[in-house]
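Colleague: Given the coordinates of chain A, work out where chain B should sit on it, guided by the hints.
Chains as they are written, first to last, in the working numbering: chain A, 1 to 120; chain B, 1 to 291.
These aren't lab readings, by the way, just hints derived from the structure by calculation. Careful: at least some of the hints might be erroneous.
DSS-like, lysine-lysine: derived pairs with alpha carbons at most 25 Å apart [what the hints assert, rightly or not]:
hint : chain 1 : residue 1 : chain 2 : residue 2
1    : A       : K74       : B       : K249
2    : A       : K74       : A       : K109
3    : B       : K249      : A       : K109
Anything over 12 Å on all C-beta distances counts as not near chain A; from chain B, calculated [as the list claims (entries may be wrong)]:
hint : residue
4    : R11
5    : R23
6    : R86
7    : D148
8    : A150
9    : W151
10   : L152
11   : Q161
12   : D213
13   : K249
Computed from the model, here is a short list of chain B residues facing chain A with C-beta under 8 Å [to be verified]:
hint : residue
14   : L125
15   : Y146
16   : H158
17   : G160
18   : A162
19   : V174
20   : D177
21   : W181
22   : Q189
23   : D216
24   : V219
25   : Y229
26   : Y231
Built from N, CA and C at the ideal position, the CB exists for glycine as well.
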Amino acid sequence: MIERIPELVNDDPAIVRWGRDMNETFMVEVGERQYLLTVRAGRVESVATGPFVMRPWRFAIRASEASWERFWRKVPEPGWHDLFALLRRGDVAFEGDQRVLIAYLMYLKLVLAAPRRLAA
Amino acid sequence: MSARIEPVIGRYAHLELEGRSHRLYFEEAGQGIPLLCLHTAGSDGRQYRAVLNDPEITKHYRVVAFDMPWHGKSSPPAGWEREEYRLTAEAYASLVMAVARGLGLARPVVMGCSIGGRIVLHLALAHAPALRALIGLQSAAFVERYYDAAWLNHAEVHGGQACGAIAYGLMAPVSPDPHRWETVWHYMQGGPGVFTGDLFFYQGASDLRERLDGIDTGVCPLYMLTGEYDYSASPKDTQAAAARIRGAKVTIMKGLGHFPMSENPEAFLAYLRPVLDEIRATSESSHGGVP
Numbered sequence: 001m002i003e004r005i006p007e008l009v010n011d012d013p014a015i016v017r018w019g020r021d022m023n024e025t026f027m028v029e030v031g032e033r034q035y036l037l038t039v040r041a042g043r044v045e046s047v048a049t050g051p052f053v054m055r056p057w058r059f060a061i062r063a064s065e066a067s068w069e070r071f072w073r074k075v076p077e078p079g080w081h082d083l084f085a086l087l088r089r090g091d092v093a094f095e096g097d098q099r100v101l102i103a104y105l106m107y108l109k110l111v112l113a114a115p116r117r118l119a120a
Numbered sequence: 001m002s003a004r005i006e007p008v009i010g011r012y013a014h015l016e017l018e019g020r021s022h023r024l025y026f027e028e029a030g031q032g033i034p035l036l037c038l039h040t041a042g043s044d045g046r047q048y049r050a051v052l053n054d055p056e057i058t059k060h061y062r063v064v065a066f067d068m069p070w071h072g073k074s075s076p077p078a079g080w081e082r083e084e085y086r087l088t089a090e091a092y093a094s095l096v097m098a099v100a101r102g103l104g105l106a107r108p109v110v111m112g113c114s115i116g117g118r119i120v121l122h123l124a125l126a127h128a129p130a131l132r133a134l135i136g137l138q139s140a141a142f143v144e145r146y147y148d149a150a151w152l153n154h155a156e157v158h159g160g161q162a163c164g165a166i167a168y169g170l171m172a173p174v175s176p177d178p179h180r181w182e183t184v185w186h187y188m189q190g191g192p193g194v195f196t197g198d199l200f201f202y203q204g205a206s207d208l209r210e211r212l213d214g215i216d217t218g219v220c221p222l223y224m225l226t227g228e229y230d231y232s233a234s235p236k237d238t239q240a241a242a243a244r245i246r247g248a249k250v251t252i253m254k255g256l257g258h259f260p261m262s263e264n265p266e267a268f269l270a271y272l273r274p275v276l277d278e279i280r281a282t283s284e285s286s287h288g289g290v291p
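Next up, chain A with everything else stripped away, as it sits in the complex (with noise of 0.2 Å):
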């Protein structure tokens, strides 16, 4: 699923907006899969695969692969449709640098819930 949010983001100028102004990457952790977003101007411009050995990242996101499954369903369930119900469950842990994910925080919702519109 994560591998498929640039293609998700960069033609959808609703979410890209609200990143317009983010120049980052972030952590991304389903269950012990890791990827590396970077963003340029609210575009995703890669996702990398990890295992990472050496690399920075300005914040992280971590859950089970079991709460993302849950999470990307078409309608997700009430306590699964919003990373900060999945915060609220204790199943989400946010890392590193809080104020520029706050700060983001409109963009990274919408961007983490996109693979909702593969579901079938």
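Modeller: Just chain B now, with coordinates in the frame of chain A:
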């Protein structure tokens, strides 16, 4: 073509609150039993636009929605630039009662959402005889702090965008986009630090868990309506509170989140109208039909 004009009227009221002068904005529509509506943290009375515009309701109710001080079109009091806004239970409860008195709302029904859903529990404890009924939307006795709200009022974060992003997730994904994004917009328009100042009351300062058994729904009926997608005041939180209040009537609302009246007005009205009908029927039988 002439514009379609709503029956809603907006005006300003001057009130003395905690020794300071305030100019409060309020909207109203309808005639009958007063129904005073309380918006959520960091937002304003526009959340009740559909209730104010519902002829089924305004036929029997005088619906009033005001903007709290610091919110919407109610400016902060003079001297605000020297202080940090922080809502307290005492200030909030006395604000609601002062607005009711000031606007001549005799034994109103008070309906509040989120922080408003919390304050109706305070009102149930302290002012029940003066109130006809209470409706708590997304009502919980306590909400744990699960994120650091200080980031919502930080010079290096766009507060409007951050507050909007917080509000966005609290809604049901199935609520209609135009209403969801209008709800977000209200949040994006909040003044700096206002949402955070409201959350001071909501996430911590007001904990009613040990006081709920003091609520007497025989004096003032209490209805609690909670949207299933809310993870701030979740159905579980509402049910936990209701379990300790004898006579509290709980409805879990399908396909709604933390802002039912604003995120999906039609779905919400279908839940609200029967509650208001019941309140009207009960108060007519016990008060000789005089609203």
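Colleague: The structure should be examined with respect to each hint, and the outcome stated for every one.
Modeller: Evaluated hints:
1. Distance hint between K74 (chain A) and K249 (chain B) is unfulfilled; the C-alpha atoms sit about 33 Å from each other, more than 25 Å.
2. Restraint check for K74 (chain A) and K109 (chain A): the C-alpha separation of about 15 Å stays at or below 25 Å, so the hint holds.
3. At roughly 35 Å between alpha-carbon atoms, K249 (chain B) and K109 (chain A) are farther apart than 25 Å, so this suggested pair is violated.
4. R11 (chain B), annotated as away from the interface, keeps every beta carbon of chain A farther than 12 Å; the closest lies near 34 Å.
5. Every CB of chain A lies more than 12 Å from the CB of R23 (chain B), the least distance being 32 Å, so the non-interface label holds.
6. Against the 12 Å criterion, R86 (chain B) stays outside the reach of chain A, whose nearest CB is about 20 Å from its own CB.
7. With a cut of 12 Å on Cβ distances, D148 (chain B) falls inside the contact zone with chain A, its closest approach being about 7 Å.
8. The claim that A150 (chain B) is not at the interface with chain A is violated, since a C-beta of that chain comes within 12 Å of its own (minimum 10 Å).
9. Not every CB of chain A is more than 12 Å from the CB of W151 (chain B) (nearest about 4 Å), against its label as outside the interface.
10. The claim that L152 (chain B) lies off the interface is violated: its Cβ sits roughly 8 Å from the closest Cβ of chain A, which falls inside the 12 Å cut-off.
11. With a closest Cβ-Cβ approach of about 6 Å to chain A, Q161 (chain B) is found to fall inside the 12 Å limit, against its non-interface label.
12. In this structure D213 (chain B) is separated from chain A by more than 12 Å, as the shortest Cβ-Cβ distance comes to about 27 Å.
13. With 12 Å as the threshold on Cβ separation, the claim that K249 (chain B) sits away from chain A holds: the shortest Cβ distance comes to roughly 21 Å.
14. Checking L125 (chain B) against chain A: minimum C-beta separation of about 27 Å lies over 8 Å; hint violated.
15. Satisfaction of the interface hint for Y146 (chain B) is found here, the shortest Cβ-Cβ separation to chain A being roughly 5 Å, below the 8 Å cut-off.
16. The criterion of a C-beta within 8 Å of any C-beta in chain A is met by H158 (chain B), whose closest approach is roughly 6 Å, and the hint holds.
17. A distance limit of 8 Å between C-beta atoms decides the matter here; for G160 (chain B) the minimum to chain A is near 10 Å, and the interface restraint is violated.
18. Checking A162 (chain B) against chain A by beta carbon gives a least distance of about 5 Å; that is within 8 Å, so the hint holds.
19. At about 6 Å, the closest approach between the beta carbon of V174 (chain B) and any beta carbon in chain A falls short of 8 Å, and the interface hint on this residue holds.
20. For the restraint placing D177 (chain B) at the interface with chain A, the shortest Cβ-Cβ distance is roughly 10 Å, beyond the 8 Å limit, so the hint is violated.
21. Because the closest C-beta pair between W181 (chain B) and chain A is about 10 Å apart, greater than 8 Å, the hint is violated.
22. Restraint check, Q189 (chain B) versus chain A: the minimum CB separation of about 15 Å is more than 8 Å; hint violated.
23. Taken as an interface hint, D216 (chain B) does not check out: its beta carbon lies about 32 Å from the nearest beta carbon of chain A, beyond 8 Å.
24. The criterion of a C-beta within 8 Å of any C-beta in chain A is not met by V219 (chain B), whose closest approach is roughly 33 Å, and the hint is violated.
25. Hint status for Y229 (chain B): holds, given a least beta-carbon distance of 5 Å to chain A, under 8 Å.
26. Interface restraint check: Y231 (chain B) against chain A, minimum CB-CB distance 4 Å, threshold 8 Å, status holds.
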